[in-house]
Amino acid sequence: MFYRLSGVYHTSYATERALWPVPSDRWQVGIVLALAIAAPFVLPSLYLTSYVLPWIVWSAAALSLTLLMGIAGQLHFGFAAVMAIGAYTSIHLTRAGLPFELALLGAGLAAASIGCVFGAAALRVKGLYLVIATLAMQYLVDWFIINVPAISGGAQATLQTPDVSLLLVPLGSDTANYYAALLWTVLVTVLVLNIKRTSFGRALVAIRDKDYAAAVIGVDIFRYKLLAFFTSSFLGGVTGAFLAFAYYEAVTPEQFSFDVSIQLVAMVLVGGLGSVIGAYLGAAFVLLLPIVLTHVVASLAESGHLPVSSSLMAHIPLMAYGALIIGFLLYEPLGLAKIHDNVRKYFLVWPFRHTQS
Amino acid sequence: MDPAYFVELFINGALTGLMYSLAALGIVLIYKSAGVPNLAQGAMIMLSGYLVVLFTSGAGLPLYLSIPLAAAAMFGFGLLAERLLLRRMVGQPIIMIVMLTLGLEIFLRGLVPGVLGAAPQSLDIGIGLAPIIVHGIFINRAYLVGGGVAVVMIAAALLFFRTHLGTRLRAVSDSHVSSWSVGISVERAIGISWGLAGMSALAAGTLWGSVQGVDWTLSALLFPALAVVILGGLDSVWGVLAGGLAVGILGSVVPGFVDPLVGGSTRDVVTSLIILLTILMRPYGMFGREDIERV
Numbered sequence: 000m001f002y003r004l005s006g007v008y009h010t011s012y013a014t015e016r017a018l019w020p021v022p023s024d025r026w027q028v029g030i031v032l033a034l035a036i037a038a039p040f041v042l043p044s045l046y047l048t049s050y051v052l053p054w055i056v057w058s059a060a061a062l063s064l065t066l067l068m069g070i071a072g073q074l075h076f077g078f079a080a081v082m083a084i085g086a087y088t089s090i091h092l093t094r095a096g097l098p099f100e101l102a103l104l105g106a107g108l109a110a111a112s113i114g115c116v117f118g119a120a121a122l123r124v125k126g127l128y129l130v131i132a133t134l135a136m137q138y139l140v141d142w143f144i145i146n147v148p149a150i151s152g153g154a155q156a157t158l159q160t161p162d163v164s165l166l167l168v169p170l171g172s173d174t175a176n177y178y179a180a181l182l183w184t185v186l187v188t189v190l191v192l193n194i195k196r197t198s199f200g201r202a203l204v205a206i207r208d209k210d211y212a213a214a215v216i217g218v219d220i221f222r223y224k225l226l227a228f229f230t231s232s233f234l235g236g237v238t239g240a241f242l243a244f245a246y247y248e249a250v251t252p253e254q255f256s257f258d259v260s261i262q263l264v265a266m267v268l269v270g271g272l273g274s275v276i277g278a279y280l281g282a283a284f285v286l287l288l289p290i291v292l293t294h295v296v297a298s299l300a301e302s303g304h305l306p307v308s309s310s311l312m313a314h315i316p317l318m319a320y321g322a323l324i325i326g327f328l329l330y331e332p333l334g335l336a337k338i339h340d341n342v343r344k345y346f347l348v349w350p351f352r353h354t355q356s
Numbered sequence: 000m001d002p003a004y005f006v007e008l009f010i011n012g013a014l015t016g017l018m019y020s021l022a023a024l025g026i027v028l029i030y031k032s033a034g035v036p037n038l039a040q041g042a043m044i045m046l047s048g049y050l051v052v053l054f055t056s057g058a059g060l061p062l063y064l065s066i067p068l069a070a071a072a073m074f075g076f077g078l079l080a081e082r083l084l085l086r087r088m089v090g091q092p093i094i095m096i097v098m099l100t101l102g103l104e105i106f107l108r109g110l111v112p113g114v115l116g117a118a119p120q121s122l123d124i125g126i127g128l129a130p131i132i133v134h135g136i137f138i139n140r141a142y143l144v145g146g147g148v149a150v151v152m153i154a155a156a157l158l159f160f161r162t163h164l165g166t167r168l169r170a171v172s173d174s175h176v177s178s179w180s181v182g183i184s185v186e187r188a189i190g191i192s193w194g195l196a197g198m199s200a201l202a203a204g205t206l207w208g209s210v211q212g213v214d215w216t217l218s219a220l221l222f223p224a225l226a227v228v229i230l231g232g233l234d235s236v237w238g239v240l241a242g243g244l245a246v247g248i249l250g251s252v253v254p255g256f257v258d259p260l261v262g263g264s265t266r267d268v269v270t271s272l273i274i275l276l277t278i279l280m281r282p283y284g285m286f287g288r289e290d291i292e293r294v
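Those protein sequence lines, which keep their order, are chains A and B. Using numbering that gives the first Met the number 0, you'd call the opening residue of the first sequence number 0 and step up by one each time. Using numbering that gives the first Met the number 0, you'd call the opening residue of the second sequence number 0 and step up by one each time.
Extracted from the complex, chain B is given alone in its bound form:
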């Protein structure tokens, strides 16, 4: 085994993993405050990628203007999704809510490429393509930036949950009824968490869009993002960081050595196995809080 090859896979895997965390952050934000598993996060990432492309190449706006614009649009989209769809589902069984967000994912997967063009569009956010070479190890520049943004976003999320608003959101996640009784608007709190998830989708959509181009495949990020939140724990921001690193590193190192042997893309297999083993051994993930069920 070549140590340099291993280190390269490890570092690039860790950076990819951090970018997975970016995709997964929105799921945790919503689950943590609303208790709703958001399977539409993949489509929200795709939508925000399309929005940034629309504002930059479509409307000709500079990047520093189009990203705040897209952020505002995604925040609005999150609020709208909560108001129009999720609020009607309060108290429904989990299968209904899972299917609703999945329905939203499918709908957006049809609507957005249908209206804004299905062909892959490139999104240049000014990160050079040339890799950074440290001691003969190639590091992808876009992944490096993405990893950095992810760390900043996760730190911001951690700090956010310590602010006044964040505390209210945490209270809502503990119990809707108790929050109502102390005067917290549960609806508004959940709406805000959807809006924030939309904004984290924007970060993921912009960075992943710049790496792999903007088309419907951006929504396929849902699967690794799910692995990240399952491994890390659905309601833990730290878990997003740790889970992202683990999924990224395993998803890069294992295929790096196993792919030549079986001749197939084993990355999805590694992701699936991570999900399965986590659920079978420790369903609540590394940092998740275990729900106690009462009959």
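Isolated chain A, as found in the complex:
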């Protein structure tokens, strides 16, 4: 129906290797992009700033992490710390008078260089040990940020973001913030989509599948593991800066705590490891489902259909979120991306579902 494959003939290698060889996929991407651009004019500002904007920014974060975890296969449970480094660096650089564009670059580089230190652990260990090593580094970075007043501005301090402008447009209004975040997310999306098609991406995939085997066929695993951490942390750092400037408009260490790292990993896993559309779907699911569920239960409780205590209400997001992780791992380990793919494949040949797609 929507996806008709008929009439799609590849007469050159270039068309077959295109990002979206099926025309209807191209149409869909175009429509989604158009909707995203039109969103500030269509949606009420409350929805824009409290749902769409965080979704966009967290999608960029999930994309940065999926590059590392899904494509390169390096587990990272301290990604919030990397984003925190980016956020704090960008704030201090803009406060020092640098233009925002340069501050973003600095944020990315600072996050990337410290991210490579995280990567140093990956050169030595993998799997569970890498998980715990990155987790320990998250605690260390948190502690440094909180306890060095020059970074955090003192204990319990909140740093307001200064007024900046990106590409001559001053940030601060809802629309400008949204477009800045959208611009960055589209950039990251295009980058991650294309990385899989480069020699760099193929080297990372080889390392993910088996690093010794990759070394045997001539992939320099030392270099590529570090490069994977560098690239992903760079993107994560800049995303952290966008998160601070476009969404929170202030930073505190709690915004980048260990729980946030877990949330990011959950986004990547729920969405589907290594999948671009999965990063978007996962971010939406992990961000919105607890909110939606709390609203539903709250309205049920108010109407008297469901007796719930306030203490239970307060814990619903946490429960939803743990249940989400468990449920997806048990029933759809490949995540929302796989569900999307199933639906797409079904419609690709609809109504002839017994044909091979």
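Take the hints with a grain of salt, since some may be wrong.
[Stated by the list, open to error] Now the stretches of chain B that chain A is said to cover, found in silico as 3 or more residues with beta-carbon under 8 Å: (1) 78-89; (2) 97-104; (3) 110-116; (4) 142-151; (5) 155-162.
Just so you know, these hints were derived from the structure itself, not from any lab. Cβ atoms here follow ideal geometry from the backbone N, Cα and C, with glycine treated the same way.
Guided by the hints, dock chain B onto chain A, whose structure is given.
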């Protein structure tokens, strides 16, 4: 440097460390037989603390009844967790299993305080609050009892791995396929190890609950427990003892001298550094067995 201050920090640190070992024992029990890293141990400790409070103050049972009851409940919880969650994950990549246990941790962290009350509840197990004073050195009585229980539990675990059942569990940890071929029920063995981990969580939950009260913060014991098992070796019961002592002593002595200088809680930093340095220098810990990986 005041030697008495040092000795006090050292002794109390060692006792705290033994209580960390108690929290860490469950992780080792499961890893040793199932090869699964159990990141839900923190939440299991919290759950067992809540259960003991529920049986004593909630149902009004005496302590000597409620602890066996909670032990049975935790054993059942362990069996259930294995049957419903972990058994489906056999053969999956490690990230899936790590995330599953972490998901369980998060879920319980929401469910248990949500249902049983988030406010800290006190758990009195009849240990006095007055410290024991030896030559002017203050020793926390609860930590002393906890350390004693930890030593007993670790000794029991060591002996257990020499019994018939324990030998079967060790065989399962060596190779699932070989164990099946000689007629060991791998599923049941792993289930039992989860049950035992639940019971060791009960010991940790009761003792830590009596020290710091029962609320969600009990599950934060996961972090020092991870440091203990990483330092000691994920599959070594001796490692739990040694790792616990090391983490406890370093986590008490170093902050005792460094905290006044930097004005911050350095205990987590020491724990993180222990984890990091162990992983970078000797990933398999002091007593852990090194895995040989084949392509």
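Structure-based check of all given hints:
no.	hint	verdict
1	78-89	holds (count 3)
2	97-104	holds (count 7)
3	110-116	holds (count 5)
4	142-151	violated (count 0)
5	155-162	violated (count 0)
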